[in-house]
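*Asks:* Here is how the chains run, residue by residue.
Number of protein chains: 2
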Amino acid sequence: MNIALFPSVNDVDKEFLRDKDVIVIDVLRATSVITTAIYNGATVFPVLEVEDALKFKEEGYLLGGERRGLKIDGFDFGNSPLEYKREFVEGKNIVFTTSNGTRAIYKSFNAKNIYIGCMLNGKALVKKVLEDKRDIAIVCAGTYGKLSLDDFICAGKIIYELLKLGNCNIDDISTAAYIAYRDYKGKILEYVKYAGHYNYLISIGCKEDIEYCFMEDILDVVPVFKDGRIVKI
Amino acid sequence: MNIALFPSVNDVDKEFLRDKDVIVIDVLRATSVITTAIYNGATVFPVLEVEDALKFKEEGYLLGGERRGLKIDGFDFGNSPLEYKREFVEGKNIVFTTSNGTRAIYKSFNAKNIYIGCMLNGKALVKKVLEDKRDIAIVCAGTYGKLSLDDFICAGKIIYELLKLGNCNIDDISTAAYIAYRDYKGKILEYVKYAGHYNYLISIGCKEDIEYCFMEDILDVVPVFKDGRIVKI
Numbered sequence: 004m005n006i007a008l009f010p011s012v013n014d015v016d017k018e019f020l021r022d023k024d025v026i027v028i029d030v031l032r033a034t035s036v037i038t039t040a041i042y043n044g045a046t047v048f049p050v051l052e053v054e055d056a057l058k059f060k061e062e063g064y065l066l067g068g069e070r071r072g073l074k075i076d077g078f079d080f081g082n083s084p085l086e087y088k089r090e091f092v093e094g095k096n097i098v099f100t101t102s103n104g105t106r107a108i109y110k111s112f113n114a115k116n117i118y119i120g121c122m123l124n125g126k127a128l129v130k131k132v133l134e135d136k137r138d139i140a141i142v143c144a145g146t147y148g149k150l151s152l153d154d155f156i157c158a159g160k161i162i163y164e165l166l167k168l169g170n171c172n173i174d175d176i177s178t179a180a181y182i183a184y185r186d187y188k189g190k191i192l193e194y195v196k197y198a199g200h201y202n203y204l205i206s207i208g209c210k211e212d213i214e215y216c217f218m219e220d221i222l223d224v225v226p227v228f229k230d231g232r233i234v235k236i
Numbered sequence: 004m005n006i007a008l009f010p011s012v013n014d015v016d017k018e019f020l021r022d023k024d025v026i027v028i029d030v031l032r033a034t035s036v037i038t039t040a041i042y043n044g045a046t047v048f049p050v051l052e053v054e055d056a057l058k059f060k061e062e063g064y065l066l067g068g069e070r071r072g073l074k075i076d077g078f079d080f081g082n083s084p085l086e087y088k089r090e091f092v093e094g095k096n097i098v099f100t101t102s103n104g105t106r107a108i109y110k111s112f113n114a115k116n117i118y119i120g121c122m123l124n125g126k127a128l129v130k131k132v133l134e135d136k137r138d139i140a141i142v143c144a145g146t147y148g149k150l151s152l153d154d155f156i157c158a159g160k161i162i163y164e165l166l167k168l169g170n171c172n173i174d175d176i177s178t179a180a181y182i183a184y185r186d187y188k189g190k191i192l193e194y195v196k197y198a199g200h201y202n203y204l205i206s207i208g209c210k211e212d213i214e215y216c217f218m219e220d221i222l223d224v225v226p227v228f229k230d231g232r233i234v235k236i
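Those protein sequence lines, which keep their order, are chains Z and V.
For any residue, its number in the numbering used here is found by taking its place in the first sequence, counting from 1, and adding 3.
For any residue, its number in the numbering used here is found by taking its place in the second sequence, counting from 1, and adding 3.
Be aware that one or more of the hints could be misleading.
Identical copies carry no separate label here, and so any pair may be met within one copy or between two of them.
[Said to hold, decoys possible] Here are the computed lysine-lysine pairs in the DSS-like style, where the Cα-Cα straight-line distance is at most 30 Å:
#, residue 1, residue 2
1, LYS188, LYS130
2, LYS190, LYS167
3, LYS210, LYS88
4, LYS196, LYS136
5, LYS167, LYS115
If you're looking for bench data, these hints aren't it; they were derived computationally from the structure.
All values reported here derive from a predicted model rather than from experimental measurement.
Go ahead and model the full structure; you've got the sequences and the hints to work with.
*Replies:* Right, dumping it as structure tokens:
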């Protein structure tokens with residue numbers, strides 16, 4: 004089983020993804036939100052543009068997401084995973100758009116399976132992809148087309164768990180992510196505090212979100228994107 | 004001063020490089036060879052193709068480089084920096100082609116200055132770019148279009164030295180490289196031993212080259228690419 008890592012949505016080689024399992028990571032915060040919402044019983048419809056999302060409002064969908072990290076006018080939820088509690092989202096359809104994460108999901112359309120990954124569901128996800136026995140591409144969403152350190156260390160966690168359980172060949176950037184996670188396991192925020200996007204989120208008051216997003220393996224759920232929607236496997 | 008890092012020649016955004024200082028890194032082994040040859044008094048003419056190099060032979064140029072890590076038929080030198088001794092290269096014109104390094108040099112043509120960097124000349128190079136006071140792009144050559152761990156840790160060294168002496172804003176992938184170097188300083192081979200290309204070079208008998216290429220700051224020279232040739236500043 005081969006593992007390749009793409010540092011940001013702009014670096015993705017769409018042809019390379021064909022017939023592989025893709026794991027999309029946007030740990031701060033899109034894939035952490037999606038994983039939480041799916042765990043709490045929602046169905047999530049990712050869309051690229053705010054205008055696309057607003058069209059769904061009249062049909063009774065809830066809207067969630069962000070631009071520049073902030074809740075969008077007319078939306079029901081922002082991009083804090085802590086908003087997506089079971090009491091608010093269970094059985095609901097949520098249309099969701101963010102600056103980087105939803106782009107990364109759509110850019111992965113050539114894959115055989117598109118899984119949503121984060122720190123919260125790392126181990127559950129690894130168990131699933133090892134059952135699939137396909138080559139894996141890890142697509143870090145990044146921030147505006149560049150690697151984000153928070154995605155990188157999360158990719159490192161997923162690779163670390165994969166190597167613990169499976170026999171995998173990993174490329175060098177996967178190795179760099181693996182070493183970073185291995186060396187900072189148990190003190191991840193010491194690593195992530197250098198990330199540009201981490202510091203932006205702190206500046207807009209999202210410290211609690213960050214602490215939540217870096218909790219490991221608290222959600223035993225594997226969200227998968229298929230036919231325009233994200234559901235629980 | 005802003006610092007951006009491109010993980011491989013395939014990831015380079017040519018427009019972004021315009022008017023910046025670019026540092027090209029291919030630590031195993033193209034930029035280590037070039038730096039050594041320039042230090043020992045050669046002028047180096049990088050070319051992309053073996054056929055281009057062979058045309059120069061009749062005009063009295065020496066030829067150096069590799070394909071698949073090995074010396075090319077009809078060439079005078081391979082890609083081991085240990086071959087480029089002063090007694091053989093001083094005052095000589097050497098046409099040079101490698102699989103990744105020379106591509107990275109040409110891909111950087113939009114830059115204001117194209118410097119050649121490696122572990123051997125890290126500090127000398129940093130002193131020069133800090134005098135220039137331009138934004139810096141670090142172009143890792145990588146291996147066949149993907150990040151190579153050896154280039155990554157060398158980029159980390161250069162960023163480490165830049166941050167020690169200057170006031171720089173660095174992007175997240177630069178931060179990841181910086182942390183890797185900072186944490187493995189003094190035991191770099193413990194990090195690099197995981198690199199795919201490192202292991203390939205070991206398999207073709209290049210252990211001494213690797214040990215040489217990871218010596219730090221032993222050559223006080225800054226090679227610059229201008230008008231088709233690489234010379235000492």
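*Asks:* Are the hints correct? Go through all of them and say.
*Replies:* Verification of the supplied hints:
Taking the closest pair of Cα atoms, LYS188 and LYS130 come within 30 Å of each other only inside a single copy of the chain (20 Å); across copies the shortest separation is 35 Å, beyond that limit. Taking the shortest alpha-carbon separations for LYS190 and LYS167, both the intra-copy value of 20 Å and the inter-copy value of 25 Å come in at or below 30 Å. In the homo-oligomer, the alpha carbons of LYS210 and LYS88 lie at most 30 Å apart inside one protomer (18 Å), although the nearest pairing across protomers, at 56 Å, exceeds that limit. Only between protomers do LYS196 and LYS136 lie at most 30 Å apart by alpha-carbon distance; the minimum there is 27 Å, versus 35 Å within a single protomer.
In the homo-oligomer, the alpha carbons of LYS167 and LYS115 lie at most 30 Å apart inside one protomer (24 Å), although the nearest pairing across protomers, at 46 Å, exceeds that limit.
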